[in-house]
Each structure stands twice: as C-alpha cells, then as structure tokens.
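K.L.:
I would like the entire structure built from these sequences, with the hints used as guidance.
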Amino acid sequence: MRIGLFIPCYIDQFYPHVGLATLNLLESFGLQVEFPEEQTCCGQPMANAGVHDDARPLAKRFLNVFAGYKCIVSPSGSCVAMVRHHFEQVLGPSPELEYVAHKTFELCEFLTDVLKIDRLTGSFPHRVGLHQSCHGLRELRAASDSELVGPAFNKPRQLLASLTGIELTELSRPDECCGFGGLFAVSEEAVSCTMGLDRIADHERAGTEILTATDMSCLMHLDGLIRRQHKAIRVMHIAEIFAEARGINSADGLLA
Amino acid sequence: MTTNTTDHPTAAARFIANSDRMHWHDKAIWAARTRRDNASRSVPEWETLRELASRIKQHTMSRLDEYLEQFEANATRLGAQVHWARDAAEHNAIVAGILQQRGAKHVVKSKSMLTEECGLNPHLEQLGIEITDTDLGEWIVQLRHEHPSHIVTPAIHIMKEEVGQLFHEQLGTAAGATDPQYLVEAARKHLREKFLAAEVGITGVNFAVAETGGFVVCTNEGNADLGVSLPKVHIACMGIEKLIPRLTDLGVFLRLLARSATGQPITTYSSHFHGPRPGGELHIVLVDNRRSELLGSSDFQRTLKCIRCGACFNTCPVYRRSGGHSYGVTVGGPIGSIINAAREPKLHKSLPFASSLCGSCSDVCPVKIDLHQQLFVSRRHLASLGLVPKGKRFGITLAAAVFSRPRLYRLVGRLTRFGLRVLPRSLVYNRWNIWGRQRDLPPAPKYSFHELNRQRQRKDDAYK
Chain A
1 MRIGLFIPCY
11 IDQFYPHVGL
21 ATLNLLESFG
31 LQVEFPEEQT
41 CCGQPMANAG
51 VHDDARPLAK
61 RFLNVFAGYK
71 CIVSPSGSCV
81 AMVRHHFEQV
91 LGPSPELEYV
101 AHKTFELCEF
111 LTDVLKIDRL
121 TGSFPHRVGL
131 HQSCHGLREL
141 RAASDSELVG
151 PAFNKPRQLL
161 ASLTGIELTE
171 LSRPDECCGF
181 GGLFAVSEEA
191 VSCTMGLDRI
201 ADHERAGTEI
211 LTATDMSCLM
221 HLDGLIRRQH
231 KAIRVMHIAE
241 IFAEARGINS
251 ADGLLA
Chain B
1001 MTTNTTDHPT
1011 AAARFIANSD
1021 RMHWHDKAIW
1031 AARTRRDNAS
1041 RSVPEWETLR
1051 ELASRIKQHT
1061 MSRLDEYLEQ
1071 FEANATRLGA
1081 QVHWARDAAE
1091 HNAIVAGILQ
1101 QRGAKHVVKS
1111 KSMLTEECGL
1121 NPHLEQLGIE
1131 ITDTDLGEWI
1141 VQLRHEHPSH
1151 IVTPAIHIMK
1161 EEVGQLFHEQ
1171 LGTAAGATDP
1181 QYLVEAARKH
1191 LREKFLAAEV
1201 GITGVNFAVA
1211 ETGGFVVCTN
1221 EGNADLGVSL
1231 PKVHIACMGI
1241 EKLIPRLTDL
1251 GVFLRLLARS
1261 ATGQPITTYS
1271 SHFHGPRPGG
1281 ELHIVLVDNR
1291 RSELLGSSDF
1301 QRTLKCIRCG
1311 ACFNTCPVYR
1321 RSGGHSYGVT
1331 VGGPIGSIIN
1341 AAREPKLHKS
1351 LPFASSLCGS
1361 CSDVCPVKID
1371 LHQQLFVSRR
1381 HLASLGLVPK
1391 GKRFGITLAA
1401 AVFSRPRLYR
1411 LVGRLTRFGL
1421 RVLPRSLVYN
1431 RWNIWGRQRD
1441 LPPAPKYSFH
1451 ELNRQRQRKD
1461 DAYK
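Here the protein sequences line up with chains A and B, keeping their order. In terms of this note's numbering, the first sequence opens at residue 1 and continues consecutively. In terms of this note's numbering, the second sequence opens at residue 1001 and continues consecutively.
Derived by calculation from the structure, the hints in this document are not laboratory data. Please read all numbers here as calculations on a predicted model, not as lab measurements. Fair warning: there could be bad hints in the mix.
[What the hints assert, rightly or not] Listed next, with one range per pair, are the computed distances between beta-carbon atoms:
{"#": "1", "chain 1": "B", "residue 1": "L1441", "chain 2": "A", "residue 2": "M1", "range": "45 to 51 Å"}
{"#": "2", "chain 1": "B", "residue 1": "G1176", "chain 2": "A", "residue 2": "H230", "range": "38 to 44 Å"}
{"#": "3", "chain 1": "A", "residue 1": "S172", "chain 2": "B", "residue 2": "P1044", "range": "55 to 61 Å"}
[Claimed, not checked] Chain A side only, calculated, beta carbon under 7 Å to chain B, not exhaustive:
{"#": "4", "residue": "Q13"}
{"#": "5", "residue": "P16"}
{"#": "6", "residue": "F35"}
{"#": "7", "residue": "H52"}
{"#": "8", "residue": "F184"}
{"#": "9", "residue": "A190"}
{"#": "10", "residue": "T194"}
{"#": "11", "residue": "G224"}
{"#": "12", "residue": "R227"}
[As the list claims (entries may be wrong)] Under the rule of at most 25 Å between Cα atoms (straight-line distance), these lysine to aspartate or glutamate pairs were calculated in the DMTMM-like manner:
{"#": "13", "chain 1": "B", "residue 1": "K1027", "chain 2": "A", "residue 2": "E88"}
{"#": "14", "chain 1": "A", "residue 1": "K231", "chain 2": "B", "residue 2": "D1020"}
{"#": "15", "chain 1": "A", "residue 1": "K70", "chain 2": "A", "residue 2": "D53"}
{"#": "16", "chain 1": "B", "residue 1": "K1392", "chain 2": "A", "residue 2": "D53"}
{"#": "17", "chain 1": "B", "residue 1": "K1368", "chain 2": "A", "residue 2": "E88"}
{"#": "18", "chain 1": "B", "residue 1": "K1390", "chain 2": "A", "residue 2": "D53"}
{"#": "19", "chain 1": "B", "residue 1": "K1105", "chain 2": "B", "residue 2": "E1090"}
{"#": "20", "chain 1": "B", "residue 1": "K1446", "chain 2": "A", "residue 2": "D53"}
{"#": "21", "chain 1": "B", "residue 1": "K1392", "chain 2": "B", "residue 2": "D1007"}
Glycine residues also receive a C-beta, built at the ideal position from the N, C-alpha and C atoms.
P.N.:
The following block contains the structure:
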C-alpha cells in the first residue's frame, strides 16, 4: 500500500520531529510511505476566516498532490477534517475530491480503522493526559464525546492505554476545547488564552506529566501557555509517544 | 433589540479581566451543561428524539405558510384574535394598540425573548404603561435596567450578593441579605401586587400547534399562568417559527426542551391555551421580524428550527467565559451569532468569529442544528460581503499566495525560523505579536520536516 504522508504546514516548519515520528511509525508497520514535496497548506485558515477564494487554490493543490495515493495519512485531525468535510464547500463536488476525502485519515484512525490495530506493543511509563482535539473528536468522530448519547469509544485513548506502564489521567472536563481555534487564537486572544489555561489547570489537578493530543496545533497553544508560566507539564504529539514507546529514534543520524 | 456595533473580542476581554467572576460564571453554567448530560442519558432514545424533532421542524419550515394559515384559522375558531406583525415596530404598535384601546396602564409579562428582541418594554414605558417582567431572573434584570444575558436564565451573570443589594435598595429588604429563600419571598410579595394590579397579561409562546390553534407556554415559576389568569386580557407574542404541525408532535419537544435547557425532565408548568377563557380576550401576535428572510436562505434556514433551550449557550466554552452581554444582542451564544450576523451582518460581523469551531454546540442541540457548520458558512457570507477586516484579509491573501508556491513557502519558512532564532526576545515579542502576549512561540528548529526528510532519504540511499 503506497501511503501519501500529509504533514500540516506548521508541523513541517515548527515540529519536524512530529513528522519524523509519524513517518517512522508508519514505516515500522511495513508500509511504503512517501512525502510529496509539493504539498504546503490545506487552506483551513483561509476557509475558517470565510475567505474561500484564497482557500480554493490550496485545496486544489492538495487534490493534485495527493490524488495518486492509496491512502493519505496525517498527524492532525483538524487538517484531515478540513479535507474530508470542508473541501466540498470550498471546491464543489468532484470524483477526485470524493476519492481523496475518503482516503485521507488522521494517524490514530488510520491505525485502528484501516490497519485494524487495536493494541500497540511498547512501553511508556509516564502519567499521560490526553487532550481530545475537537475536530478529531466531533468531525472525525475519533471518540464518543460527552454530548451525544451512545456507546463509548475512544481510538487514540485505546491505543495509548495499550502501551505498557502508561497511566492515563482523568479530567473533570474530558473534552472541552483548548481554545486554539486557528486565527481565533489571535482574534479572540483573551478568550483563547483563558480557555487554554483552564484546560492546563484541569490537567495539573489530574496529575498529568505529559500532555498529548492528535493535533499539534492544540499543543502548540497549550505549550505556549505552559512555557510562559513555567509549568511542569511537557507536551508530546501522540505520534511521538507511539514512536518512543516502540523504541524508534526518529531523528537518528539526522542533523536535527 | 440592538443598535450598536458589537465587538465581541473587546467585550469578552473586559469580562475576562475579572478572572474570579469569569470562572464563577463558567462554573455556574457548566453545571447546567452537566445536568443536561445526565438528563439526556436518562432517555435511551435521546438521539432518536433529536432526529425526530429536527425533521418535524424541517418539515414545518418547508411549508410554514400553510401551517401558519391553518394555525390562524383554528385559533380564530377557538375565539382568539390573531394579529400579523411584519417587524418589531408593527409588533409593538399592535400590542400598544390593544393596551391603549382598553385603557390599560399596568401589564405583567412572563419571559419572552421575542418581546426583548422587539424592544417592547421601552416602547410601552414611553407610552406611560408600566410593564413588569414576572420571571424572577428577568425581573432582576429589569430592576437593574439591563438586558438578559442568557435566554433561559436571564440573570445568570448576577451573584446572589448583588441581588441582595439590589433588593435592599429597591424593595427595602434587610441589608446584606443573601439567603435565596428570603430574597425570593421578597420578590414574590412584590410581584404579587403587580399581578393583582395588572389589566393585561403578556406571555411568549414555546410551541403553537397548527392543527388545534392552541399554544403552550413553558415556565418553572408559574408566572405565565398567574399573569394571564387574573387579568381579562391575554396577549401572546410569538415568532412565526414557533409552530409545530400536530399535538402529537408536542411530546417530542417537551421531552427535549427542559432536559436540554436545565436538565429537568420537564418544565414545572407546561400550560396549554386554547382560545380565551369565558368573558376574556386572547390575542396572538405572529411576528416575522426578518424570519422569512432566514426561511428563504438555503444557508441559514436551519436556524429557524431553534426552540430556544439555551443548551448551545451552556456548552459554549466561549460564551461561558465571555458572558452573555459580550454578544450585544438579545439572543447571543452560538445560535444568536449566526442569526444576528445573517440579519445584520455589518453590526454583528464579529459574532461568527466568537467561536473556536469546537462543535460542541452542534452535538447538544436538541433539534440538531449544525451550529458550528453554520458559523463556518456565516463567515463565508461575511467575507463575501467584504466584512472581514482589511488587515486580516490582506494577511490571509498573502499567506495563500505564499502557500501556492512551494519553493517560496519553504524560503519564507526558513527565513522566519532563522529570524525567530537570532532576533532578541524583545523584538520578537513586540506589541503586534498578539500570540505572544500570554504565550511563547514554539521553538524554531533549524530544519523543517521537508529538509530532514531529504537528509533521511540521502542517508537511506547511502546505505543502498
């Protein structure tokens, strides 16, 4: 299976080790993974700002870049939700979009739904707090949320819980938004930061040592607050945890 | 009723500046959200009910003209007088006309967001008519010369100590009293006089049933019943979207409404009105006030399904931390942000952006309005009207131009990371760096993923 690796722009620029962890992790399952170099940004910030004219060329570029892959995998629920649920509003329907939208997966759901992996081998002896990133949760349905009535499930948590020695912390508000929200983080700075600080306080009360999520964007916002306030919590993308638990040294031999 | 431009971020920042109060507000409203969760989980068929309610409302909206006429015919047959109001001014004139014809000087009103939307109170006060809100929360807000901050719990932003002080000043209760029982008794005593003196009672409407011509008013305090049982004249004011086709549909909505709003299985009173009582008068005012514009809009028609339960307010992490008044409108929160920006885009252009698009609102909505998707659409609508701020628009277009050129994107990325590494902190965290006011930027790595991946490939090739 030829996999197209979709690395969101801010991960490419600021969190390259998250991209490496994702790539190495996928390869550790024997998959053939390619990173098409012509990819840039999926256009979500533009679409969320309402400016679809500016999002359109980027969405089109995404389709052109990724149309040839059997599956497209990304370490971001939010960017995948953009492709799966919002590209149609930006581009209108097309057979290419239909294909790409159905073949683009967030990393955890790719592991559980496509590779049918229920458990991961590996050890991660830490107290880990899972932040349920909203778009993964409520647009991709990576887990049951606290609003809907129905059977409980949680794909990222299930994978984390299968690691040896890991202890997952319990929050008082298990799936409240961290307040990142893309440009919202700047246009509603006061609300955004207070939401983030409230999430961090919940994790502190729960005894979280390492804060993780399926989206680095939520973690970028939370980590910004954590570092400014010199708090003791460390953030790691879920792919980094999986890679470390499986003994993969992502940056081995690279200049990073 | 609104006249001023709302700037949500500014108003929200003011509310957040008092951190203790903001957190008190957040916790009080989160408690309502938690009660909703528990109440919804007590109904195994909850999701089926939501789907059913959504479809009933969608169907009703698809032939609203027919149902409205059917309702008018049946209500008239029952002896009610039905009035049609195109907008807020017509609504206020109709109500004022009924009051003036009967020489009424004292009116009691149970909670009605429609009359708030139309600005009925100031209109009647100008005409020398005393109007008293009899819902406790709304009366507190009225005594403070404020607007409700929440559509179900209008005084949720006011602490009991402040109510004690207000009652001490205006009703002569003991100074420093904060005991809810004592304060409610005092309110009850004062409101009782208003009920007894009123010549006319006004209510809102929660549900109007087309096939019967009757309607239902839901309250917890029984104030609607008392307000229309003593005076001879009852005026019921309703937006045209309050219709449901059949009486059998009502059960679906009554099971959802209170559970979604407050976590109660049902409101304490669900009062049915079918025509005037013997010797009395019943007037029903059907108000459009730009609802038919929403009905004609494929983008926003679904907002008319709303039954005003307030669940989207309670769950909204932005609402809980910015307070109802930060929206500057009668109906704020997620649903109000969509409706108000659709009706008056220029005035309310900041509201659809007062959301992180977390999607929680869509999942609590008992009539399954896809609220966060509608907010997304609303932003597109604003952008198409040229209402995205110029600086933001420019930045977005510039970013899109860079992202359209992979080599340029990589160059800009490299230069940005280099700058962040070498520039002194004071220069990076300048006053235009809004992100950096409370947050550190991510550490800027030397190499992008793209570059590291190339190194990795070269290394792999070397081994081959």
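K.L.:
Does each hint hold? Answer for all of them.
P.N.:
Here's how the hints hold up against the structure:
1. L1441(B) x M1(A): 45 to 51 Å: Between L1441(B) and M1(A), where Cβ atoms are some 37 Å apart, the hint is violated.
2. G1176(B) x H230(A): 38 to 44 Å: holds, 42 Å
3. S172(A) x P1044(B): 55 to 61 Å: Because 26 Å falls outside the window, the suggested range is violated.
4. Q13: Holds, because the Cβ-Cβ distance from Q13(A) to chain B comes to roughly 5 Å (cut-off 7 Å).
5. P16: Constraint on P16(A) satisfied, holds at 4 Å.
6. F35: Since the shortest Cβ distance to chain B is 5 Å, the answer is holds.
7. H52: holds, 6 Å
8. F184: holds, 5 Å
9. A190: The hint holds - A190(A) has a Cβ within 7 Å of chain B, the shortest such distance being about 4 Å.
10. T194: holds, 5 Å
11. G224: Holds, because the Cβ-Cβ distance from G224(A) to chain B comes to roughly 3 Å (cut-off 7 Å).
12. R227: Cβ of R227(A) sits 4 Å from chain B, so the hint holds.
13. K1027(B) x E88(A): Violated, because 38 Å separates the two Cα atoms, which is more than 25 Å.
14. K231(A) x D1020(B): holds, 21 Å
15. K70(A) x D53(A): Violated: K70(A) and D53(A) sit about 29 Å apart, past 25 Å.
16. K1392(B) x D53(A): holds, 14 Å
17. K1368(B) x E88(A): Judged against 25 Å, a Cα distance of about 21 Å means the pair holds.
18. K1390(B) x D53(A): Holds: K1390(B) and D53(A) sit about 15 Å apart, inside 25 Å.
19. K1105(B) x E1090(B): holds, 20 Å
20. K1446(B) x D53(A): Cα-Cα ~33 Å, so violated.
21. K1392(B) x D1007(B): Holds, at about 15 Å.
Violated hints, in rising order: 1, 3, 13, 15 and 20; the structure is consistent with all others.
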